[in-house]
Amino acid sequence: MADLVVNSSTNEQILDITGQIQDELENRHHSGSGALAVNLLHTTAGLTMADLDPGTDQDFLDFLRAITPDIQWRHPHDPSHTPSHLLSSLIGTTLTIPFAGGRLQLGTWQRIILVELDGPRERRIAVAGLGS
Amino acid sequence: MADLVVNSSTNEQILDITGQIQDELENRHHSGSGALAVNLLHTTAGLTMADLDPGTDQDFLDFLRAITPDIQWRHPHDPSHTPSHLLSSLIGTTLTIPFAGGRLQLGTWQRIILVELDGPRERRIAVAGLGS
Amino acid sequence: MADLVVNSSTNEQILDITGQIQDELENRHHSGSGALAVNLLHTTAGLTMADLDPGTDQDFLDFLRAITPDIQWRHPHDPSHTPSHLLSSLIGTTLTIPFAGGRLQLGTWQRIILVELDGPRERRIAVAGLGS
Numbered sequence: 001m002a003d004l005v006v007n008s009s010t011n012e013q014i015l016d017i018t019g020q021i022q023d024e025l026e027n028r029h030h031s032g033s034g035a036l037a038v039n040l041l042h043t044t045a046g047l048t049m050a051d052l053d054p055g056t057d058q059d060f061l062d063f064l065r066a067i068t069p070d071i072q073w074r075h076p077h078d079p080s081h082t083p084s085h086l087l088s089s090l091i092g093t094t095l096t097i098p099f100a101g102g103r104l105q106l107g108t109w110q111r112i113i114l115v116e117l118d119g120p121r122e123r124r125i126a127v128a129g130l131g132s
Numbered sequence: 001m002a003d004l005v006v007n008s009s010t011n012e013q014i015l016d017i018t019g020q021i022q023d024e025l026e027n028r029h030h031s032g033s034g035a036l037a038v039n040l041l042h043t044t045a046g047l048t049m050a051d052l053d054p055g056t057d058q059d060f061l062d063f064l065r066a067i068t069p070d071i072q073w074r075h076p077h078d079p080s081h082t083p084s085h086l087l088s089s090l091i092g093t094t095l096t097i098p099f100a101g102g103r104l105q106l107g108t109w110q111r112i113i114l115v116e117l118d119g120p121r122e123r124r125i126a127v128a129g130l131g132s
Numbered sequence: 001m002a003d004l005v006v007n008s009s010t011n012e013q014i015l016d017i018t019g020q021i022q023d024e025l026e027n028r029h030h031s032g033s034g035a036l037a038v039n040l041l042h043t044t045a046g047l048t049m050a051d052l053d054p055g056t057d058q059d060f061l062d063f064l065r066a067i068t069p070d071i072q073w074r075h076p077h078d079p080s081h082t083p084s085h086l087l088s089s090l091i092g093t094t095l096t097i098p099f100a101g102g103r104l105q106l107g108t109w110q111r112i113i114l115v116e117l118d119g120p121r122e123r124r125i126a127v128a129g130l131g132s
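Protein chains in written order, with the working numbering: chain A, 1 to 132; chain B, 1 to 132; chain C, 1 to 132.
Bear in mind the hints are in silico, worked out from the structure with no lab data behind them.
Everything numeric in this text was worked out from a predicted model, so none of it was measured.
Glycine is no exception: its CB is placed at the ideal position from the N, C-alpha and C atoms.
A portion of the hints provided could be inaccurate.
[What the hints assert, rightly or not] What follows is a set of in silico ranges between Cβ atoms, one per label pair, in the way DEER data are often shown: (1) Asn27/B with Ala66/A: 43 to 53 angstroms; (2) Ala2/C with Gly55/A: 24 to 34 angstroms; (3) Gly102/B with Asn27/C: 25 to 35 angstroms.
[What the hints assert, rightly or not] These stretches of chain A come out as covered by chain C in the derived footprint (C-beta under 8 angstroms, 3 or more residues): (4) 20-32; (5) 52-60; (6) 88-97.
Make a model of the complete structure from these sequences and hints.
Shown next as structure tokens:
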């Protein structure tokens, strides 16, 4: 079911997947305009856009840790990774990115990032090409 | 204008609407691939993905309450529900979910959730089917 | 590459861009149903939905400032705008909005907002029309 597979190498990590999503667009031979709908098929990681100047990846992970309240979680399975589920829901796992002329329409500094919150793991991604 | 209607039963609640969105996909007879674009037509509730192991629904509501700052809100209409507006904007109300062969492309543990923050209410959802 | 240009006038600001997105839909002559995929081409601003009763725009900016932790950021370029990058990633820069009969499918109180976090600036937006 997955169209792309990405492997994280540490417990918490920002992965730049812009190149893989752009390659996926090229493999589908969309020459006109449209959008790619992307869903990260997991509940302990997220998908969003980011500036990736040096340090901002760790800054974003620091930010996420800092906003996570120190609460007694009810989730009985493994409370230690409950925040990774909740941050995944807050960040979201879906993105729809316009394209034109075979190129993703991104800003100069925009990178598509996978926010790994419970790695290292293999992460699977579904992609639908919409348009011509 | 709404394609789906969901009723919440308490003031704050996580509703699993995966089945209703999958039914909506089937009613539209998409046999190929594409995506469903979904918008929850409200400003005091959100739409996202989540793991729904027992307790994680209440954990997410606890998380949202805990990150909400204790501020004197300016919104004059009814300051008591201002946080529900702001959390709705932070979580978001739109999702676009790829499908293939008539099935939503979701991870094993991914559920589509409606985050009710000002219920109980009737909640209306617009859905657009994109693709073949 | 941009389909729409919006100018913010202050450092932090909520801009209602619903009218511009609706105009963009009309310019594309979509008479059937589908969705508009929108990406804000920047990393220090976000795109989401909101209630815009008087005061809620400033309440959302207060909320975002209040949840931002007081941390020593690593980003060396200009640490003073690091929070604007991180809040942009948290809010997101993409939205996909269903339409039918030439109208965006929005709730009564839903407005499409651009969250300016590092203005004043010219902000560019890419739009892809999906559907008939």
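Here's how the hints hold up against the structure:
1. Asn27/B with Ala66/A: 43 to 53 angstroms: 44 angstroms, holds
2. Ala2/C with Gly55/A: 24 to 34 angstroms: Once the Cβ atoms are compared, 28 angstroms apart, the range 24 to 34 angstroms for Gly55/A and Ala2/C holds.
3. Gly102/B with Asn27/C: 25 to 35 angstroms: 34 angstroms, holds
4. 20-32: violated (count 0)
5. 52-60: Coverage by chain C holds for the region 52-60 of chain A (7 residues, Cβ < 8 angstroms).
6. 88-97: holds (count 6)
Hint 4 from the list above is the single one not met by this structure.
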